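Generate coordinates for the entire structure from the input sequences, incorporating the hints supplied.
Heads up: the sequence lines are chains G, X, Y and E, in that order.
Just so we're aligned: the first sequence equals residues 1 to 372 in our numbering.
Just so we're aligned: the second sequence equals residues 1 to 372 in our numbering.
Just so we're aligned: the third sequence equals residues 1 to 372 in our numbering.
Just so we're aligned: the fourth sequence equals residues 1 to 372 in our numbering.
Since the hints were derived computationally from the structure, they do not count as laboratory data.
Keep in mind that this is a model prediction, so the values were computed, not measured.
Note that beta-carbon positions come from the ideal geometry of N, C-alpha and C, so glycine has one too.
Any given hint could be a false lead.
Calculated from the model, a selection of chain E residues having no Cβ within reach of chain G, i.e. all distances over 12 Å [stated by the list, open to error]: (1) F191; (2) Q264; (3) A274; (4) I360.
In silico EDC-like links for lysine to aspartate or glutamate, alpha-carbon gap of 20 Å or less [as the list claims (entries may be wrong)]: (5) Y/K185 x E/D18; (6) Y/K185 x E/D26; (7) Y/K159 x Y/D194; (8) Y/K185 x E/E48; (9) E/K351 x Y/D26; (10) E/K159 x E/D194; (11) E/K185 x G/D76; (12) G/K4 x G/E31; (13) E/K185 x G/D26; (14) Y/K351 x X/D74; (15) Y/K214 x E/D74; (16) X/K162 x X/D201; (17) E/K155 x E/E203; (18) E/K214 x G/D74; (19) Y/K214 x E/D76; (20) G/K351 x E/D216; (21) E/K214 x G/D76; (22) E/K185 x E/E48; (23) G/K351 x E/D218; (24) G/K214 x X/D76; (25) X/K185 x Y/D26; (26) X/K351 x G/D74; (27) G/K214 x X/D74.
4 protein chains.
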Amino acid sequence: DAVKPSAYGASTAGKPLDIISLDRLDTAVQEVIPEAGYQFVSGAAGDEWTLRENRRAFDDFRIEPKRLRGVSSDVDLSIDLLGQTLPFPIFTAPMGAHGMVHEEAEVATARGTGMAGTLYCSSGASHRTLEEIAEATQGPKWFQLYWNNDIEVTKSLLKRAKDAGYSAIVLTADALGPGMPDDFKAMGAPFRQDMVFGNHDPERGGSGNFFDQKVDLDLDAIKFIKDQTGLPVVVKGLLRGDDADRCIGAGADAIQVSNHGGRQIDGVPASIAALPDVAHAVNGRVPVILDSGVRRGIDVIRALAMGANAVAVGRPVMYGLGLGGAQGVQSVLEHLGQDLRSAMLLTGAAKLSDLDPSYINLVGPSAEANRS
Amino acid sequence: DAVKPSAYGASTAGKPLDIISLDRLDTAVQEVIPEAGYQFVSGAAGDEWTLRENRRAFDDFRIEPKRLRGVSSDVDLSIDLLGQTLPFPIFTAPMGAHGMVHEEAEVATARGTGMAGTLYCSSGASHRTLEEIAEATQGPKWFQLYWNNDIEVTKSLLKRAKDAGYSAIVLTADALGPGMPDDFKAMGAPFRQDMVFGNHDPERGGSGNFFDQKVDLDLDAIKFIKDQTGLPVVVKGLLRGDDADRCIGAGADAIQVSNHGGRQIDGVPASIAALPDVAHAVNGRVPVILDSGVRRGIDVIRALAMGANAVAVGRPVMYGLGLGGAQGVQSVLEHLGQDLRSAMLLTGAAKLSDLDPSYINLVGPSAEANRS
Amino acid sequence: DAVKPSAYGASTAGKPLDIISLDRLDTAVQEVIPEAGYQFVSGAAGDEWTLRENRRAFDDFRIEPKRLRGVSSDVDLSIDLLGQTLPFPIFTAPMGAHGMVHEEAEVATARGTGMAGTLYCSSGASHRTLEEIAEATQGPKWFQLYWNNDIEVTKSLLKRAKDAGYSAIVLTADALGPGMPDDFKAMGAPFRQDMVFGNHDPERGGSGNFFDQKVDLDLDAIKFIKDQTGLPVVVKGLLRGDDADRCIGAGADAIQVSNHGGRQIDGVPASIAALPDVAHAVNGRVPVILDSGVRRGIDVIRALAMGANAVAVGRPVMYGLGLGGAQGVQSVLEHLGQDLRSAMLLTGAAKLSDLDPSYINLVGPSAEANRS
Amino acid sequence: DAVKPSAYGASTAGKPLDIISLDRLDTAVQEVIPEAGYQFVSGAAGDEWTLRENRRAFDDFRIEPKRLRGVSSDVDLSIDLLGQTLPFPIFTAPMGAHGMVHEEAEVATARGTGMAGTLYCSSGASHRTLEEIAEATQGPKWFQLYWNNDIEVTKSLLKRAKDAGYSAIVLTADALGPGMPDDFKAMGAPFRQDMVFGNHDPERGGSGNFFDQKVDLDLDAIKFIKDQTGLPVVVKGLLRGDDADRCIGAGADAIQVSNHGGRQIDGVPASIAALPDVAHAVNGRVPVILDSGVRRGIDVIRALAMGANAVAVGRPVMYGLGLGGAQGVQSVLEHLGQDLRSAMLLTGAAKLSDLDPSYINLVGPSAEANRS
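Pasting the structure below:
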């Protein structure tokens, strides 16, 4: 792809990043992408209490490192996730409308994720088509479905995803609204006018109206997707143990603990605070994934110690996209992998499977929330 | 009413508002109303700890949304409250002296509330007369009584309220002082000199001195009002379960949990923090209403899940009045109703009666305060 | 006294104050007294954690007001304290070196306290002599002793105090250092050079070196004072129930819970946080007094509800002294008395003896600290 | 040593300091040392949560002073630590690369520590050689080892340390990475180019590559050091009781509770928060030392009351070095000793061995973390 600037003015960058910390990308990216894109990506619902809590709650999970255990720095960080091998338990969370950040949109994000060798989860709200995105990455890929009220549109999306090589379908259970931050709303919700939702673009093989989404989904959706595709189903957006249990009973192959980065509803717990209850309910029957707030290797440690098998990362990947295109995305994911490697050594864990609650001293509101 | 500017300079606005969030009205209104009006309305007693706590404590009530439950977005939000139907469980709290904000004063607030189809609770400390206010709204209306030491004045107020069509009397149990914020006091308490308390204005059929209020009220007041009017009595301003129980025993038809927006005494708990104890004591015998701090749909969810039947809203309605007159008031109430609708969907509650404590994970000081 | 300005430049004000809140005096006084005086009075030990905690901890004591109890506003606030009648349970705490604030020094503070009709506790570290101070007030008075290593000096102080009409001796158990805030130290500890400790001034009948204080006091000190003077002994500066118990066993006639306004040692609990444990140990055997942090009527309510019989107030009295001399002191004490009256009404307590822990919902660190 | 300025521009100061508090040195030192040195010393890992928590957590340990116990101010503060007598239970923690702060580097720090009569713990990452450092101090000294992958280098370091008169070896169990703050990394990690790690400098009798450190150490390291040197071994960097127990079982002669000043891994508990669990596990079998966050005499009190025998101090010593060279270091240590003396008196403890948990009311997250 040749990357050309648009009237909107998203980033056209393409370069590897020298990353100090993912937090610092937040400031840096504001200088290279339009304010609209930044507000759309960085903001969250309501007063953004959940957005802040997604970070704060990690502090409740105090790491109690084990010392003089003969732990070396060449830990094998790779995992198997629903049949796919990832180089580290970190992948790209589904996010919509990457064109708000970079002119190449999801094609660059997917390519960069593949360059890092890890999983790309393609949002149903992408600017580019799922086929273009699938082609862009050499790595594993999942497709996240927004269920359309027109069942033929939904079936078509599922068929296209399977045909394009996606290996699992992510059923997002919490994306029931526009996910629009107040600051973005206050700007007049200035979405790009020159990009549409690729998967629904008649000129690119799509159909249906993206916004005509079914909100009153129930557990039957899981079986329907499995029947249509034969693929494993990941249910994303759960914050309760009983919901996880119900979904597994209905056939879910993995559970993703998520509050959608705080973008859908404010006032719900941090994902990490909800993890212990969910992990306890899942009890190892299926993999557990966590997103919303992961920024450091120590955050991955905390999530894995409390029962997650992998974590997904959103906003930092978008900032990497803005600052460096596909190479920036690769830099972000590899930086976090490397940071996890250091954190393993400093935590005194020789392999991922060693991580368990004995490494964590849980205090504060997150401890209180998980007392029965 | 033709709205004319005064020497005082209150707002004369009359227009619908495009509302991002009720919190943002606080800043906007400061540009269109006199400083005196803003300080009078926005401030609270003492160090304003309770004022801040009225907002903070909602964060202790973490919403744990239920997913894939087949919840649709066309929830019926209407409720029946003491025989009146409201389009949503949200109404206008009694507040005095609207002329500090808008030249039309309570007539505009009542009209706007009626335009939104919901309940207007008329304060005994209104600038306009209760009859003018009653006439201004097409919706249901309650009258809030300040008990006068001259029992004939009190009787007259009750009779006038009944005659004007008010369908319930609100006995405010906590308004025992002037409710004057320190910042307003520091300005010299600059009330309008060109407006008096309408209900006591001899020129408009009133009598008595508004300030000659009886403070040593007891439970007998409830029966007295019922005898005089035959109307249901709402006791407003309770923060204790035992007080609610006593009032119901004395004939109260509804209980309003309130700390008067923090305006009367500082250092008392947030209303939402007091709700669980009160709801437990009431145990469904009469409706429970909550005010003080409600700003978002998720706040209504929290209150209803913990046992409230409806919420009343104060300052945001005043800011809507300042920014848009009657239409501004309508915008505020309808915005909050719409925000509740979204919040129901995102919480995974199909109808209001589904809301119960299983949706809430209560932590922090509010949890501690409700442990017996 | 004619009040003349000095080279040091302390206040010479003499006027009643129109007080919005005692907190606001802190800002106002900075404009009328030398920086040295302000830093000396306002600061505290170390990082001033205890100073801040003295205020914050009151918020842990949430007032749960009782409603519709027939409480009127003409509450009798007077108390009897060791045989003296006070118009309200509030008096002036012992503080040294008032000349840092006002040219009349303690003579004005004592006179103002007497004009308010309440108790003046004279610090052993006064600039004026205990006799001058005794003469200045029409009200009750206590003398606070700094025990001198020269036992004859100590005996002389006790005899002079008795002769001058002081009705109790306060044994300060926690003033073991200079009580010098870091900011004041950083200024070079600029005490006035033109004023000395009056009680030790040979020209005014004094003897001994004020700084030659005995620090290794033990319980025998209580009996010694009683033997020398026949007066009741108040032990001030306790934060532990077991210390209170020991002191009562050794003859103490009252216990003053105090951390010396945070001036002696940082990192100790707020006085109000220590009160429940001390009150439980005292169990009504002797009166309990609390100082350190009282600024509002609601603070007095909290202290009395948790077992105090009276409160002492320090810095606000000094700020009243700076802003208005004797009349300023009177204004401060009467303002707080009036604020207590309003708080009683709003709390729903008909008389001081009604106040008990049923009015308080104790949460947070102060609750945690008082769990056994 | 003649101290000459370098192109780098570290401090050449040599003077005693008039210290108000150790916290204030942080600001002062920024004016006399290069930004690189300040960022390197003052910063910590990640978001610096642990760095902040190292200070905040001390507030959870509330001192409950005992009064009227006959405690005098001439307390004997001296201790015996592994056969060495210190004038107070405070010594200099091992820190690397003092040339980032002062041109004399560790020679000045060691000399100043010796002038204060207390223990200097020499970091393996010193700019000067261990022999130069040993010669510089008249006081006791320990050597902290970074274990080299080349076992001959490790053996050589141990032999040289013993030959130079170091009386114990500190095995740092937590220094597994570069300990580089994000802000310093963001500057490009501008270490001095004109100074190397002295102990590995071939021109000064050294060998090996400092950075070739063994990370997968286990308990055998303890016995190895003892066999090589016959000296006692201090294991530094533990935060868990079970680790302390394991190390004592493997022959450790002392345990140093430390999170390396927050420099290695963020998100781990404050040292003081980890102390109760470790002290309980050690149960008096060997001395316990605490570092990370000690700034005041009251902090020493808290650590000793909860089971520590001594504390080590890092950054303030470095700031003393920058501001005053050897004499500045002496000032820092003596100031803290003097501050401890005052704190003992104000706490009501007659001797160090009186300090026990009865002086502490433990609340907040540190209390929660130590509940089993």
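Taking the hints in turn, this is what the structure says about them:
Every CB of chain G is more than 12 Å from the CB of E/F191 (nearest about 16 Å), matching its label as outside the interface. Once the 12 Å rule is applied to beta carbons, E/Q264 is inconsistent with being away from chain G; the minimum gap is 6 Å. Separation of E/A274 from chain G is inadequate, the least Cβ-Cβ distance of about 8 Å not exceeding the 12 Å criterion. Distance to chain G confirms E/I360 as a non-interface residue, since its nearest Cβ pair spans about 18 Å, more than 12 Å.
With a C-alpha separation of about 11 Å, the suggested pair Y/K185 and E/D18 falls inside the 20 Å cut-off, and the hint holds. Between the alpha carbons of Y/K185 and E/D26 the distance comes to roughly 17 Å, so the proposed pair stays at or under 20 Å and holds. For a cut-off of 20 Å, the pair hint linking Y/K159 to Y/D194 is broken: about 27 Å separates their Cα positions. Of the supplied pair hints, the one linking Y/K185 and E/E48 is violated, its CA atoms being roughly 31 Å apart against a limit of 20 Å.
Restraint check for E/K351 and Y/D26: the C-alpha separation of about 40 Å exceeds 20 Å, so the hint is violated. Annotation: proposed proximity of E/K159 to E/D194 is violated, straight-line Cα distance about 27 Å (limit 20 Å). Of the pairs offered as hints, the one joining E/K185 and G/D76 is violated, with about 26 Å between alpha carbons and a cut-off of 20 Å exceeded. Between the alpha carbons of G/K4 and G/E31 the distance comes to roughly 18 Å, so the proposed pair stays at or under 20 Å and holds.
A distance of roughly 17 Å separates the Cα atoms of E/K185 and G/D26; the hinted pair therefore holds under the 20 Å criterion. The straight-line distance between the Cα atoms of Y/K351 and X/D74 is roughly 54 Å, outside the 20 Å bound, and the hint therefore fails. Note on Y/K214 and E/D74: the hinted pairing holds, with a Cα-Cα distance of about 12 Å set against a maximum of 20 Å. Restraint check for X/K162 and X/D201: satisfied, since their Cα atoms lie roughly 19 Å apart, inside the 20 Å limit.
For the hint linking E/K155 to E/E203, the alpha-carbon distance of about 19 Å falls within 20 Å, and the restraint holds. With a CA separation close to 12 Å, the supplied pair E/K214 and G/D74 stays within the 20 Å bound. As the CA atoms of Y/K214 and E/D76 are separated by approximately 18 Å, the hinted pair is consistent with the 20 Å bound. Distance check on the hinted pair: G/K351 and E/D216 sit about 13 Å apart at the alpha-carbon level, within 20 Å; holds.
A hinted pair counts as satisfied when its Cα atoms are at most 20 Å apart, and E/K214 with G/D76 qualifies at roughly 18 Å. A C-alpha spacing of about 14 Å is found between E/K185 and E/E48, which places the hinted pair at or below 20 Å, so the restraint holds. Distance check on the hinted pair: G/K351 and E/D218 sit about 16 Å apart at the alpha-carbon level, within 20 Å; holds. Our distance criterion of 20 Å between C-alpha atoms is met by G/K214 and X/D76, whose separation comes to about 18 Å.
Of the pairs offered as hints, the one joining X/K185 and Y/D26 holds, with about 17 Å between alpha carbons and a cut-off of 20 Å not exceeded. With a CA separation close to 54 Å, the supplied pair X/K351 and G/D74 exceeds the 20 Å bound. For a cut-off of 20 Å, the pair hint linking G/K214 to X/D74 stands: about 12 Å separates their Cα positions.
In summary, the structure is inconsistent with hints 2, 3, 7, 8, 9, 10, 11, 14, 26 from the numbered list given earlier, while agreeing with the others.
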